[in-house]
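Chemist: Read off the chains here:
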Amino acid sequence: NAGVTQTPKFQVLKTGQSMTLQCAQDMNHNSMYWYRQDPGMGLRLIYYSASEGTTDKGEVPNGYNVSRLNKREFSLRLESAAPSQTSVYFCASSRDRGPDEKLFFGSGTQLSVL
Amino acid sequence: DQQVKQNSPSLSVQEGRISILNCDYTNSMFDYFLWYKKYPAEGPTFLISISSIKDKNEDGRFTVFLNKSAKHLSLHIVPSQPGDSAVYFCAASSYNDYKLSFGAGTTVTVRA
Chain A
71 NAGVTQTPKF
81 QVLKTGQSMT
91 LQCAQDMNHN
101 SMYWYRQDPG
111 MGLRLIYYSA
121 SEGTTDKGEV
131 PNGYNVSRLN
141 KREFSLRLES
151 AAPSQTSVYF
161 CASSRDRGPD
171 EKLFFGSGTQ
181 LSVL
Chain B
128 DQQVKQNSPS
138 LSVQEGRISI
148 LNCDYTNSMF
158 DYFLWYKKYP
168 AEGPTFLISI
178 SSIKDKNEDG
188 RFTVFLNKSA
198 KHLSLHIVPS
208 QPGDSAVYFC
218 AASSYNDYKL
228 SFGAGTTVTV
238 RA
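Protein chains in written order, with my numbering: chain A, 71 to 184; chain B, 128 to 239.
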């Protein structure tokens, strides 16, 4: 039972490089999310997809794009990485979008931008 | 501006004693509150939640208390066990816009 799988686990980029973080869930969840975790800031929502075919901005969307490829997969792209994007990124999913829905998280991607 | 605040970055407690984690929020529209637990190199996992219509919810060793007038909630772990050593995140949302706001987390260390 994999749950939410994120790749890669670690990545080092140079400023200006691009990359895509991949996320897949096998729980048949409708909603998927990308968060970033920074020291002293908690988890902040970057983008979410309430259902297949829809995506919306969260709190901190600047510098990112997302694609909901199908019901299982939700990718996060950094087009031109900046040092401010150094963070730990978590993908999550939930059955549906709602305040009482439990989120299921992947194990995270530690990204460093030099 | 953070709407959910966990003012204690860390907490150290002896095994068998009570751990009390505190969380304050500023948005009076929040009506659902959750706690997530995170081990190193893993993603957060859901621990316990409470709706604003309740003031207490209990699940085994974990109890969450909500004081709406004070905009304050707390998580009690009794008795604390070494496996409880983790980072605990408080989170809140509303039925209005579903956006989940997280606190910065409290690192709990349970000493043997």
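Treat the hints with care, as some may be off.
As the list claims (entries may be wrong) - Calculated pairs, EDC-like style, for lysine to aspartate or glutamate (alpha carbon to alpha carbon, straight line, at most 16 Å):
(1) B:Lys198 with B:Asp182
(2) B:Lys226 with B:Asp158
(3) A:Lys141 with A:Glu122
(4) B:Lys226 with B:Glu142
(5) B:Lys226 with A:Glu149
(6) B:Lys164 with B:Asp211
(7) B:Lys183 with B:Asp158
(8) B:Lys198 with B:Asp151
(9) A:Lys141 with A:Asp170
(10) B:Lys181 with A:Asp170
(11) A:Lys84 with A:Asp126
(12) B:Lys132 with A:Asp108
(13) B:Lys181 with B:Asp211
(14) B:Lys195 with B:Asp182
(15) A:Lys127 with B:Glu142
(16) B:Lys164 with B:Asp186
(17) A:Lys79 with B:Glu169
(18) B:Lys195 with B:Glu169
(19) B:Lys195 with B:Asp224
(20) B:Lys195 with B:Asp151
(21) B:Lys226 with A:Glu129
(22) B:Lys198 with B:Glu169
(23) A:Lys141 with A:Asp96
(24) B:Lys226 with A:Asp170
(25) A:Lys172 with B:Asp211
(26) B:Lys226 with A:Asp96
Claimed, not checked - What follows is a list of derived Cβ distance ranges for each label pair:
(27) B:Ile145 with A:Thr77: 24 to 34 Å
(28) A:Gln87 with B:Asp186: 38 to 48 Å
(29) A:Lys127 with B:Ser155: 21 to 31 Å
(30) A:Phe80 with B:Asn134: 45 to 55 Å
Stated by the list, open to error - To give an idea of the interface, some chain B residues facing chain A are shown, with a C-beta separation under 10 Å as derived from the structure:
(31) Gln133
(32) Pro136
(33) Phe157
(34) Lys165
(35) Gly170
(36) Ser178
(37) Asp182
(38) Phe189
(39) Gln208
(40) Ala218
It should be emphasised that the hints constitute simulated quantities derived from the structure, not laboratory data. Keep in mind it's a predicted model, so treat the numbers as computed, not measured. Here a beta-carbon is modelled for each residue, glycine too, at the ideal position from N, C-alpha and C.
Chemist: None of the hints should be skipped; say for each whether it holds.
Modeler: The hints, checked one at a time:
no.: 1; hint: B:Lys198 with B:Asp182; in the structure: holds (12 Å)
no.: 2; hint: B:Lys226 with B:Asp158; in the structure: holds (11 Å)
no.: 3; hint: A:Lys141 with A:Glu122; in the structure: holds (5 Å)
no.: 4; hint: B:Lys226 with B:Glu142; in the structure: violated (36 Å)
no.: 5; hint: B:Lys226 with A:Glu149; in the structure: violated (26 Å)
no.: 6; hint: B:Lys164 with B:Asp211; in the structure: holds (9 Å)
no.: 7; hint: B:Lys183 with B:Asp158; in the structure: holds (14 Å)
no.: 8; hint: B:Lys198 with B:Asp151; in the structure: holds (6 Å)
no.: 9; hint: A:Lys141 with A:Asp170; in the structure: violated (21 Å)
no.: 10; hint: B:Lys181 with A:Asp170; in the structure: holds (14 Å)
no.: 11; hint: A:Lys84 with A:Asp126; in the structure: violated (28 Å)
no.: 12; hint: B:Lys132 with A:Asp108; in the structure: holds (15 Å)
no.: 13; hint: B:Lys181 with B:Asp211; in the structure: violated (25 Å)
no.: 14; hint: B:Lys195 with B:Asp182; in the structure: holds (8 Å)
no.: 15; hint: A:Lys127 with B:Glu142; in the structure: violated (43 Å)
no.: 16; hint: B:Lys164 with B:Asp186; in the structure: holds (14 Å)
no.: 17; hint: A:Lys79 with B:Glu169; in the structure: holds (10 Å)
no.: 18; hint: B:Lys195 with B:Glu169; in the structure: violated (32 Å)
no.: 19; hint: B:Lys195 with B:Asp224; in the structure: violated (19 Å)
no.: 20; hint: B:Lys195 with B:Asp151; in the structure: holds (10 Å)
no.: 21; hint: B:Lys226 with A:Glu129; in the structure: holds (9 Å)
no.: 22; hint: B:Lys198 with B:Glu169; in the structure: violated (30 Å)
no.: 23; hint: A:Lys141 with A:Asp96; in the structure: holds (9 Å)
no.: 24; hint: B:Lys226 with A:Asp170; in the structure: holds (11 Å)
no.: 25; hint: A:Lys172 with B:Asp211; in the structure: violated (20 Å)
no.: 26; hint: B:Lys226 with A:Asp96; in the structure: violated (23 Å)
no.: 27; hint: B:Ile145 with A:Thr77: 24 to 34 Å; in the structure: violated (40 Å)
no.: 28; hint: A:Gln87 with B:Asp186: 38 to 48 Å; in the structure: holds (45 Å)
no.: 29; hint: A:Lys127 with B:Ser155: 21 to 31 Å; in the structure: holds (24 Å)
no.: 30; hint: A:Phe80 with B:Asn134: 45 to 55 Å; in the structure: violated (32 Å)
no.: 31; hint: Gln133; in the structure: holds (8 Å)
no.: 32; hint: Pro136; in the structure: holds (8 Å)
no.: 33; hint: Phe157; in the structure: holds (9 Å)
no.: 34; hint: Lys165; in the structure: holds (8 Å)
no.: 35; hint: Gly170; in the structure: holds (3 Å)
no.: 36; hint: Ser178; in the structure: holds (7 Å)
no.: 37; hint: Asp182; in the structure: violated (17 Å)
no.: 38; hint: Phe189; in the structure: violated (15 Å)
no.: 39; hint: Gln208; in the structure: violated (22 Å)
no.: 40; hint: Ala218; in the structure: holds (8 Å)
Violated hints, listed in ascending order, are 4, 5, 9, 11, 13, 15, 18, 19, 22, 25, 26, 27, 30, 37, 38, 39; each of the other numbered hints is respected by the structure.
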